[in-house]
Amino acid sequence: MSEIVTTGADSAAATGRATAASATVDLDVWEIVIGLEVHAELATRTKLFSSATNEFGQEPNTHIDPLTLGLPGSLPVLNEQAVELAIRVGLALNCTVQRSVFARKNYFYPDQPKDYQISQYELPINAEGWLELPSGQRCGIERAHLEEDTGKSTHIGGGGRIHDAQYSLVDLNRAGVPLLEIVGKPDLRSGDEARAYVSELRSILVAVAASDGKMEEGSMRVDCNVSVRRRGDDELGTRCEIKNINSLRSLGRAVDYEAARQVDLITAGDRVVQQTRHWNEEDGRTHTLRNKEEADDYRYFPDPDLVDLDPDPAWIERVRAALPLLPAARRHRLADATGSSLEQTALIVERGLDELCLAAVAVGADPARTLTHAEHNLSDERAVSLDPSAFAELVGLEVGGQLTATQAKQVLAEMVSSGRSPADIAAERGFEAMESSELEGLVDGLIAEHPDEWQRFCAGDGKITGFFVGKVMKATQGKADGKAVTALLNARTG
Amino acid sequence: MTGPGATTARDIAAGVRAGELSAVAVLDAHLERVGLREADIHAFNHLTEAAARATAATIDARVSSGDDPGPLAGVPVALKDNLCTHGVPTTCSSRILEGWCPPYDATVVTRLAAAGAVAVGKTNLDEFAMGSSTENSAFGPTLNPHDLSRVPGGSSGGSAAAVAAGFAPVALGSDTGGSIRQPAALCGVVGVKPTYGTVSRLGLVAFGSSLDQIGPFSTTVADAALVLEVIGGHDPGDSTSIPAPFPSVSDHLDDGVAGLRVGIITEMMGEGIAADVAARVRASADALAAAGATVEEVSVPAVMYGLSAYYLVAPAEASSNLARYDGVRYGLRVDAPTTGEMMERTRTAGFGDEVKRRIMLGTYALSAGYYDAFYGKSLRVRTLIRQDFDAAYERFDVLLSPTSPTTAFPLGDKTADPLQMYLNDVCTIPTNLAGHPAMSVPYGVGDDGLPVGVQVLAPALGEVAMFRTAAVLEGSLS
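Chains A and P, in that order, are what the protein sequence lines are. According to the working numbering, the first sequence is numbered sequentially starting from 1. According to the working numbering, the second sequence is numbered sequentially starting from 1001.
In short, the hints are calculated from the structure, not lab data. Where a beta carbon is used, it is the ideal one built from N, C-alpha and C, also for glycine. Hints are supplied without guarantee of correctness; some may be wrong.
Said to hold, decoys possible - Reference excerpt, derived from the structure (chain P facing chain A, CB under 7 Å, subset only):
(1) S1239
(2) S1320
(3) T1339
(4) E1341
Chain P on its own, in the form it takes in the complex (with noise of 0.2 Å):
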């Protein structure tokens, strides 16, 4: 659908490079519904309207004028707000940074402008990234738009939301230990975590440096390719990036399954997992078998450590990465007699319960005495990850699991045992602690009525099988 009624990407692109949609009217529509159901909601941080319309008019002056503004043609998009954007706040919903205004862009803002995009706001998020329903934000929860009475998932609940509720049909988000994935499980969108590396971290606000990865959201697959192949391929600026251009994937969406292997990963179908969601998954595999792919189980044991290695691994990094917000430079400044009094004070107020917990749990990990035992044990747990990962790859092209083990969960249920609450990432944090893509495709209801996603895993850099299996299953319900 090219007309004024397109709702992917895909489809305004086109319709606003044909000359057929304005980039202006695109944008009207998602900011009506923003106007409609935002207080409800609660997607964004910040809106930049007047910016976005100057941008769309920029676009539709371009296409007039015989241009190509981009593969994203007047698309709107939703930015996590922990992606630095040049003059507009950047707060990663946390008071210590409230009101921070960053000198650039990062990189992946940039390469969506140059490609047409129009960024229409900052989503909400879990503040620094940190947890897994957007509830531990210090400017307030955001609420699933499927029933405001349940989280929306998180870290990046704000654009799982804002794509769900049709605020913007793409959005970006990032991925820890599944803040892409386990929040569009849990609102009904597809959401990716690309190969680490693929996806330039420059202007990406760190949390856990070697786990974080940018990727999309958007309600068809076919969208989320075309955004990946815009943002991805390599980066100077980032020294993790790898030095090859973002595969193209989008070329690959109608190959089907044919004789590619699938595994379903036993270690995720049992105890902890709803019998909705695992019954959810087993459909998935049906579809895929019925499309010509070989399925069957396969036991990726390590995974069983996945999350106890995550909790080490991701603090330590963040207890360094979140020093920097000391009260000197930048952002909250809570003023003391001395310079160290001065950081504590800016510190304990400038944080949330959650982020102080997990500085103290990475200090503790690496301190002296203790590192062996704790952030170098944690290391061997990811090796042996990967391993078994690599094991299982040599016998199937993509996995498969539940995104996450349950579907959306009330607001407060699970806010006062951070434990129960980390539990939901046990799917997806493994492919984090590998460094291998993996995405999260909607596939029906559970009892509940309410969305599950199923999870499609890949080996490094084969995003290709990945997109292929996620655009049948996406097939497959129509």
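Bound-form chain A, shown alone (with noise of 0.2 Å):
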């Protein structure tokens, strides 16, 4: 059995720590180790190998066959969609596509119909690849093999756990559903880049329209290795596998916790034994599921009902010619186009603002203003449809002064959501540059009402600017620029 929550094994000494707060690791004498197992379901239209639909959340047993109930008599036929896919995945993931195998791991489990999962054992479709994160690191991919999923339990009365459950309800909706495994290399170093990791394969995975990557609703599940060792130590430490993590913000949280767990034990002394543990993001700890020492024989062997799956090259490679460019080569390219670093390209990137943004400096904006504005204040999801052009105007008119940095933000959010042109909205919000005499005469007049701030600005506190600048604001409604501002007062205190 495999998926069971057994709470109360865990006496307080052997969880060892009281609270999620306390979980600091000091990352000079410790490193801490990830590998992330990364399961996607494939959006394909039926299951991995039958004809039912690929849907579920929907009334229970209403997406079944006799293959997805286990009847006797029925066979596997595999799905050419969701191999395509999975190339999809895999050459997205620089993978080598190679001859797989479908296996059977054997296990008695009430939602498993047959009692065996078809996956992928020794031979998967892809293996060997890597991906790289924003920051321009790249992490190990060891593999990336089809199998299917499972159903889903209910279990009624006695908290929901199987053991005390007065009875079980089975939906096998989703029994047989195409799931991709993607199994990391222990590369990654630390929560955020854990995060960075997944948030990056979802973006793949969604790049590629394998899948929808939503990892609250399961379409991306992820199961967290985690280990610690002294820094300097060239072997790993021993790991625990952390399941029922269901947000990036959960992922990053369960690392640190299970990290600091560890480190606490080695510390005390004593040694960290290989485990599943489960995550309870209410009292933000992990729990022990159980121990690897009794892990269950899953008596893999080769399915015999499915032949060997040996993709044609001129197939893959058809796969691969239709592949869109990918998040990393797109944060590179608008690097390249701007000058910009990797990072400050990665949030452009996932909004998809790039192609507006490389357009909008092709007819001549400035570079750093349009990345600044794609990164800071073009959150809403019609900016995407933004005229490059449109745009472009915008930041001449900031950049030539014709605008503030506050104006030119308000008069985008304008353009996102009326479509209309800049000039006809900083004109219709009388936006025009301010004559610099009004304004002189604008900042003379409020030091003369203000000497007691305006002294403590003369002794140089740095505070008292923003009270300046924002009677100025006040008074000419955002239209002066507030640097001009600042730069006016320096000069009066000569």
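Quick one: dock chain against chain with the hints and give me the complex.
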């Protein structure tokens, strides 16, 4: 039995930590090593080995057929679309797409209708690849193989656990849905890196239209292997596998907690026991699910109902040729075209605004201002349909001093919501640049009205700058350029 | 003979298609024989008389309206009870599936119906096709129509007995290690295991998936060919199905064996083979030589290891295939406080001893630490057997051997000693491991007056040469 949560097995001592809040590790002394196993549900029309539709979250047991039910006499037939999506992901992860073999993983469980799972064991379809994080760091991918999903059990009574339940309900809509299990190498060193990895993987899955990548809905599930070792050690520490991580935020928290727990154990002279642990979102801790020493023997063997999967090289090349430009390549392209850092391009690419930025820059927009707007002022989903030349025009108005940064931001927001031109919006709002004499008069008046504040400003109290700028903005209804105001103030201290 | 006395599928279909014979009358004649002897023989787990009458009446009506119901028009056919039949109980002669009705037909059942055949019932078998005497049935043994004190062989004993007793001119069985050929030999009928992948397994309840193959029983070689041509050919619903139509065999039944190279397998003529059985094989070889074939002995050394390899491969696959009978979704359920105990109690109550024995064997063979020594090694033996056969087939078109080491043995004779029972299949098992075709042709009787079967083996997709040889053997007796 595999997915059964047993609580109460952890004594306070074994759990190690009283609260998640104390979860900090001295990273000068310790190194955290993380490897992730991600299960992604492939967005196929039908299941991996049958023509039952791949849809769930509906009436229980409505997307089923003889194979899904494990009826006697039913046979699996491989879904070509699932293979194509697996190849897409494999190529996007720089893997070698190879001849593969489906095997049976044997174990009894009520939501596993055949009491074995068809998976790929010794020979996965995709082997040895990597993905690149926005930081530029490359993370190894060991394999990305095809397998069937299980059904869902709901245990009624007894706190929702199978052991104490009065009865259990099984929904097989999800059983047989194609999964791609993507096994990463232990190349990650922090919760943040783990989050960046999953985020990048999700972007890739979505980019190649292989999966919707929704962690919260379970279409992307992350199991996290964590170990710790003293800096400088060559050997990896004993790892624990954490399950039930349902969001990027949980992933970071779970890694931090688990690493701290392991460091505590070692520091206390104890040892880490290889275990599968369950992340509990509420108490922010991991709990023992089972020890690996007592792991099931799955008695893998090649599934005699299926033949080897050996995709035609021409097919693989067709899939490769049809791949879209992937997030990492798009980040590099944008950074190269704008002279910005790779990191600055990450959010822009994630929002799908890189094409817009490239087009705006191509018609003459200032690259730095363009990226700044895309990164900070274009979170609205409609921003992708902005007209690049209008965007460029706006950046031009700002760089040319006709609009202040604040005004430019407001105009941009209006452009996104209405689609009107920046010049029209600016004119309507009366956003003409102020005459400098008008601004000087205003500043001088304020200095006269507020001698105490002016004294403080002259004494070098930087915090009071905002007071004057705020007054000017209020008086001009935001038309004034904050930088110009500061410059005037500084000039007056003369 | 195409009149009311027609007894072969070929003659019945010809008569019915020509409007000279009524499918209903044919059915009634067969059911009459069932009424007379079924209580003694117990060939069937379940008779579908009413449905069969309705089908037969439809066939007659179609013929009357000028329609052609197909090559098996009006031919009664018995189906081994491990073939799924829509709405009709499919038990595998196991308590664990008692009362379960599949919501679909096996591909072979669909194809038979489309060819105009009339399904008369589901025949008894060793539980989940595990056995060589049909004594492992949860519903009691089938008896040999030639001598009711003897077994009909197995596991398809019910189908073999049904054809031998004239309950149906043809029947379907499944053959994992000899389960069609050995009962055919013991019951004195023709039985064919075709090349692996030529007949769809979709709807056959799996035992050893890499070995299982469906095939026909009949009283004549021509009928076996006719049925195979109906049920064979590619099925996209079975991934191991060969993407090609079944070769036309019927067209070559009269081709003779002149110039054909026939090899008698040395390893299957010595120790453990009854002298009277071996004598019939030599007689069959003489008949082939007389018909113009060249006959020699040939050694296929690796077949000696067939039995050992088989009893790792088949149980290993069975241990996984039979995991699904867990009481959760269908069939027997014995309630218990927890799911795990429910599964355990259900399987303990639902499976017979032989099935449990093989599940244990297979589970052990696949276990971590033993996989290479057992399952892995058996796969290598399998390769070796295939290579040795390939070498033999470079020099010979077909091979010859006994089908079974002895004629039908008395009921209860071997039930206490599984190994003795397993040895029944020593001549048939290597064929399954190689994926090749082989068939048993009745060739006279042994010293006890009971039927002896000669096995004709051929390389993969060598059905034409195999059937030519079988047809000559059949002809040499009449």
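Taking the hints in turn, this is what the structure says about them:
no.	hint	result
1	S1239	holds (5 Å)
2	S1320	holds (5 Å)
3	T1339	holds (6 Å)
4	E1341	violated (11 Å)
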